[in-house]
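Student: Listed below are the residues making up each chain.
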Amino acid sequence: MFGSSWGSVLGACRAGAEWAWRQVYEDVAPSLLRYHRARGTPDPEDLVGDTFVRVVRGLAGFEGNEEQFRAWVFAISRRRAIDLARTSARRPEKPDPGDGLTERGGTGNAEDDAMRSLEEQRVLVILDRLTPDQRDVLLLRLLSDLTVEQVATVVGKSAGAVKALQARGLEQVRREISRGAVTF
Amino acid sequence: MSRSFDPADLTAVGETFAEDLSSAFPEVELPERVVRDHVATMISAAQLLAEEGAIVLEPASHPGPERLTTPRRRWMRTRLIRRVVAVASGLLLSLSGLAFAGAFEGSDDPGNDDTTAIVSHQTDDHQGENGDDQGEDGDDQGEDENADDQGEDGDDQGEDENADDQGENNDDQGEDENADDQGEDGDDQGEDENADDQRDNDNTNEDQGDNENVDDDQGDGGDSQD
Chain A
309 MFGSSWGSVL GACRAGAEWA WRQVYEDVAP SLLRYHRARG TPDPEDLVGD TFVRVVRGLA
369 GFEGNEEQFR AWVFAISRRR AIDLARTSAR RPEKPDPGDG LTERGGTGNA EDDAMRSLEE
429 QRVLVILDRL TPDQRDVLLL RLLSDLTVEQ VATVVGKSAG AVKALQARGL EQVRREISRG
489 AVTF
Chain B
13 MSRSFDPADL TAVGETFAED LSSAFPEVEL PERVVRDHVA TMISAAQLLA EEGAIVLEPA
73 SHPGPERLTT PRRRWMRTRL IRRVVAVASG LLLSLSGLAF AGAFEGSDDP GNDDTTAIVS
133 HQTDDHQGEN GDDQGEDGDD QGEDENADDQ GEDGDDQGED ENADDQGENN DDQGEDENAD
193 DQGEDGDDQG EDENADDQRD NDNTNEDQGD NENVDDDQGD GGDSQD
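For the record, the sequence lines run as chains A and B. Using the numbering used here, the first residue of the first sequence is number 309, and each one after it goes up by one. Using the numbering used here, the first residue of the second sequence is number 13, and each one after it goes up by one.
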């Protein structure tokens, strides 16, 4: 979070200062990467890099505060992920066998990584039972820590629609947990 | 920025699921190598945009005046000006050629008018000499009086043949009394052939009268010779 220094950082970014871009990247990229990993986006790190290049290209047209900037970056990244998913649906690729726990941020401890993998699989099963909009809203609200207004900007819906999607998504999660369908 | 995770908005299930999500997908710092590569790519993109003059920000159809300073834009502007000048020159040459041709043909019109006047004199003479010829000419004028004149002058003036030709003919008629008579006779002959015939007969009678006078003169001459 930049707080009061946001204006100067944004101005430095517009001027092409490397230090400013690096600060912005380090502030936003981790939560963005986390969102895409939970979303199941293939090559989330590449997508994060691609997102920030698009942010650089479009920064001159951006006007807003830090919260709006964060929502704007997430919106760009989500749209890019949707485009890539459509492209890969038309041209399916074989999964890379090198994809493993280490590339997903593994700790190097086999037991911890295994437990985390189980937890991740369980959560992914629940997320798969949700509609795409419900899944995006819950991930952005609960994982990326965005406000309702920011999520509305990201998914292109009204704040009321976001609240409704969140409520229905949580109800679906409760049903899945109570059914015990996702217990391992 | 207020924290979005508001427990009041979420049920207990939501809180539990949020914890599950956080433990399943912890926030991991990106490797320094990845950060360096991404930032370097971002800086390259920013420099590329700065060199291109932020073309992305402005529509290509409305570049500002300062945008017309790169060599490519200058070249395109020069090429556009050349094309406009070439088209304008071609158009000017075409129009001048048409105007030149029109001037030549316009110079022939007075000659035609003179010819018409001469023909009208001759016709008047023939009326006096031969009534049958006058009757035939009168029929032709009555059937297609304007068409003959328009056919002659129409080639010269093209777009508005009738109006111009009629105007010229009116002018000619005003200048030449014989031509006026000819036109009036033509109208009368066209409307009423009988009237023409009567006039022809009158003329013929007059001619005969003249001939009688000639005979008288000859007689007188004869008398004088005697």
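The hints are simulated quantities; they were obtained by calculation from the structure and are not laboratory data. Among the hints, a few may not be true.
[As the list claims (entries may be wrong)] Beyond 12 Å from chain A on every Cβ pair, some chain B residues (computed):
| hint | residue |
| --- | --- |
| 1 | F29 |
| 2 | R48 |
| 3 | V51 |
| 4 | R84 |
| 5 | R89 |
| 6 | T90 |
| 7 | R91 |
| 8 | L92 |
| 9 | R95 |
| 10 | L103 |
| 11 | L104 |
| 12 | L105 |
| 13 | S106 |
| 14 | L107 |
| 15 | S108 |
[Claimed, not checked] Pairwise CB distance ranges (calculated):
| hint | chain 1 | residue 1 | chain 2 | residue 2 | range |
| --- | --- | --- | --- | --- | --- |
| 16 | A | M309 | B | R95 | 55 to 65 Å |
| 17 | B | E44 | A | R483 | 41 to 51 Å |
| 18 | A | M309 | B | I93 | 27 to 37 Å |
| 19 | B | R95 | A | D441 | 46 to 56 Å |
All residues carry an ideal CB built from backbone N, CA and C; glycine is no exception.
Student: Hint by hint, say whether it matches the structure.
Tutor: For each hint, the structure was consulted:
Non-interface status of F29 (chain B) relative to chain A is broken: a Cβ of that chain comes within 12 Å, the nearest being about 5 Å off. In this structure R48 (chain B) is not separated from chain A by more than 12 Å, as the shortest Cβ-Cβ distance comes to only about 9 Å. The non-interface label for V51 (chain B) is inconsistent with chain A: the shortest C-beta to C-beta separation is roughly 5 Å, within 12 Å. Every CB of chain A lies more than 12 Å from the CB of R84 (chain B), the least distance being 21 Å, so the non-interface label holds.
The beta carbon of R89 (chain B) sits about 25 Å from the closest Cβ of chain A, which is more than 12 Å, so the claim that it is off the interface holds. T90 (chain B), annotated as away from the interface, keeps every beta carbon of chain A farther than 12 Å; the closest lies near 29 Å. With a cut of 12 Å on Cβ distances, R91 (chain B) stays outside the contact zone with chain A, its closest approach being about 29 Å. Non-interface status of L92 (chain B) relative to chain A is upheld: no Cβ of that chain comes within 12 Å, the nearest being about 28 Å off.
At roughly 33 Å, the least C-beta separation between R95 (chain B) and chain A is larger than 12 Å, which holds for a residue marked as non-interface. Consistency note on L103 (chain B): stated as away from chain A, and its beta-carbon is indeed over 12 Å from all of that chain's, at 43 Å minimum. Interface exclusion of L104 (chain B) from chain A stands, the closest Cβ pair being 46 Å apart, more than 12 Å. At roughly 48 Å from the closest C-beta of chain A, the C-beta of L105 (chain B) stays outside 12 Å, upholding its exclusion from the interface.
Every CB of chain A is more than 12 Å from the CB of S106 (chain B) (nearest about 48 Å), matching its label as outside the interface. With a least CB separation of 49 Å from chain A, L107 (chain B) remains clear of the 12 Å interface cut-off, as annotated. Listed as outside the interface, S108 (chain B) is consistent with that label: its C-beta sits roughly 52 Å from the nearest C-beta of chain A, beyond the 12 Å cut-off. M309 (chain A) and R95 (chain B) have their C-beta atoms about 57 Å apart, which keeps the hinted 55 to 65 Å range intact.
The hint said 41 to 51 Å for the Cβ distance between E44 (chain B) and R483 (chain A), and at roughly 43 Å that hint holds. The hinted range of 27 to 37 Å is not satisfied by M309 (chain A) and I93 (chain B), whose Cβ atoms lie roughly 55 Å apart. Here the CB-CB span from R95 (chain B) to D441 (chain A) is close to 53 Å, well matched to the stated 46 to 56 Å.
The earlier numbered hints that this structure contradicts are 1, 2, 3 and 18.
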